[in-house]
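Engineer: Order-wise, the sequence lines are chains A and B.
Counting from 1, one number per residue, gives the positions in the first sequence under the working numbering.
Counting from 1, one number per residue, gives the positions in the second sequence under the working numbering.
No lab work stands behind these hints: they were computed from the structure.
Every value quoted in this text rests on a predicted model; they were computed, and no experiment measured them.
Some clues are possibly wrong.
What the hints assert, rightly or not - Simulated crosslink set (DSS-like; lysine-lysine; CA at most 30 angstroms straight-line):
| hint | chain 1 | residue 1 | chain 2 | residue 2 |
| --- | --- | --- | --- | --- |
| 1 | B | 61 | A | 183 |
| 2 | A | 188 | B | 183 |
| 3 | B | 183 | B | 61 |
Unchecked claim - Sample of chain A residues with no beta-carbon within 10 angstroms of chain B, all distances over it, derived:
| hint | residue |
| --- | --- |
| 4 | 4 |
| 5 | 6 |
| 6 | 45 |
| 7 | 70 |
| 8 | 86 |
| 9 | 112 |
| 10 | 134 |
| 11 | 153 |
| 12 | 155 |
| 13 | 172 |
| 14 | 196 |
| 15 | 252 |
| 16 | 313 |
| 17 | 314 |
| 18 | 319 |
Each residue gets a CB set at the ideal place from its N, CA and C atoms; glycine is no exception.
2 protein chains.
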Amino acid sequence: MSETVRLTEEKATALVAAAFEASDVSPANALSTARALVAAEADGQVGHGFSRVLAYAAQAKAGKVRGHAVPEVSQAGPALLRVDAGFGFAFPALDLACARLAALTRETGIAAAAVHRSHHCGQLGAHVERLAKAGLVAIMVANTPRAMAAWGGTSALFGTNPIAFGAPREGHEPLVIDLSLSKIARGKIMAADQRGEAIPEGWALDAEGNPTTDAGAALKGTLVPAGGAKGAALALMVEVLAASLTGAVPSREATSFFDAEGAPPGVGQFLIAVDPGAASGGTYTAAFEALAAAIEAEDGARLPGTSRHARREAARRDGLTMSAALHGKIAALAQAG
Amino acid sequence: MSETVRLTEEKATALVAAAFEASDVSPANALSTARALVAAEADGQVGHGFSRVLAYAAQAKAGKVRGHAVPEVSQAGPALLRVDAGFGFAFPALDLACARLAALTRETGIAAAAVHRSHHCGQLGAHVERLAKAGLVAIMVANTPRAMAAWGGTSALFGTNPIAFGAPREGHEPLVIDLSLSKIARGKIMAADQRGEAIPEGWALDAEGNPTTDAGAALKGTLVPAGGAKGAALALMVEVLAASLTGAVPSREATSFFDAEGAPPGVGQFLIAVDPGAASGGTYTAAFEALAAAIEAEDGARLPGTSRHARREAARRDGLTMSAALHGKIAALAQAG
């Protein structure tokens, strides 16, 4: 077993933020981004947690992410915000978008924020959860670098294009749904490729559009959408909402979130928030609790997102684990600043 | 081959409207509903077309649908409309919702309509298409009588809970995506049951939650969601948006759209419209056309909804076909009025 370091969330946040500050990121942007990565790690979303720190720092150093970007909000209509992330990290822009969207939605009943010139937004569930904790029902979509083909096609035109949904509850943590529209996360195929293992049929297509079990061929091809043609159609919907509608770079042209090569990815996020009391005429809370009770009464069924809460509590109690190798690299980066 | 009658869309609309009027439906509601069913038939969505006429008429006669309902709109916030369909047919309420929503969205940038005390809304694509033809990007969700279980459960808590998406194009028909979240439409299983045929494994579960190829057992059980756990999570999202959020009857309690038994189904629909010019800072049209061109450049891929346009043109040119048996029943109903 490889050596690990145990850190409280506070210590982990301070360490990661220091590494970003040392990589030409403003203190405010470094803190926002560090908090988001640590929160993802605590939620067990490790693909959006500590594993991203070195790649993010390298992108900031290279200028692929503008570490000193200051996100700007403009009012595109009485209920519609545009948020320019300025080719910086996504999290400072989303902190601002969520705060402004929550305040606006309480006035208008429904409102949206169109975020563009943005970057990897991590676990979408965290953003809709913030809106749900503010008492709002929230939908969020994001486009991501190319991964999936149009149905019947072979070129990767769409990202994994995730959808998230948050709904407030009284006396309980909010409902949080967070899913990508590919059947399997690209990370699982990358891991199989690194181990030299085959992948199950049905996960991916090669560059010619044929089913493949070769992880390397899959990485040169496309991911299979969840639910076949229906998932591909939903990925197109997300592409239009998160990129065409926000003015962001489309998935097929966005550069990688993982390396420091090329122009900023410039992807987009689109967030919608609704006041459930206003929309339902005051019946939302009772209706949602009855639905939740019906689901929880089923043997074997549960509300999505509940395992995340358990992991989060464990992290708060026991701290987070980081490999000693990664800890050493992040600490060296922070000390070099 | 069974005998058929060929009708122009105008004649079909007049015939169906007369049958509804003879079934205690107001002339305005009869016309709105007849138009929607004929349009679905012309689009090739036969499950939402002529096949519904007799069941609709029977429900109006029985008072399960209130044929003289007058839909009412109230402003729940500057950007949020509530539409009370009054336990009438859905189409008059949705005509009103789409017209008011289009006008409001042009002022606010984004707006929504929460429709409740509603009924079967047919092909959702037709409603988002109207909003897209008005220059807006539109999302619509609906809940429907119980059909699918929560993931891991056995009771039907969700309907097939469709999602539709419309996006305007310049010089082309809008993009229209319209899909239910079950892997297979219930109608296909009903047809197999009537023919006494087995269904493929993977379509449905029996009442104990086990996979079944017995169509009869499937009809007593639940439909499998498209994309497995992800489809089930999206069905829950639609249930919250279309029912809990609008104040409608939840899928698990809604009565059938097919028979005249019991209370009105009282389901809900939730529609969101966004002004794409405002959201994108004026870049939407060029961005969408570039995306459409990238999809159409792929061998074997196409934009969803294009086959519907071809069928619609054929119907306009050649008229619609109705079985002589159904035509006789509808004509008898109309003449009895």
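Engineer: Against this structure, judge whether each hint is valid.
Structural biologist: Hint check:
no., hint, verdict
1, B/61 with A/183, "47 angstroms, violated"
2, A/188 with B/183, "25 angstroms, holds"
3, B/183 with B/61, "34 angstroms, violated"
4, 4, "31 angstroms, holds"
5, 6, "32 angstroms, holds"
6, 45, "16 angstroms, holds"
7, 70, "18 angstroms, holds"
8, 86, "14 angstroms, holds"
9, 112, "5 angstroms, violated"
10, 134, "16 angstroms, holds"
11, 153, "3 angstroms, violated"
12, 155, "6 angstroms, violated"
13, 172, "14 angstroms, holds"
14, 196, "28 angstroms, holds"
15, 252, "6 angstroms, violated"
16, 313, "22 angstroms, holds"
17, 314, "23 angstroms, holds"
18, 319, "30 angstroms, holds"
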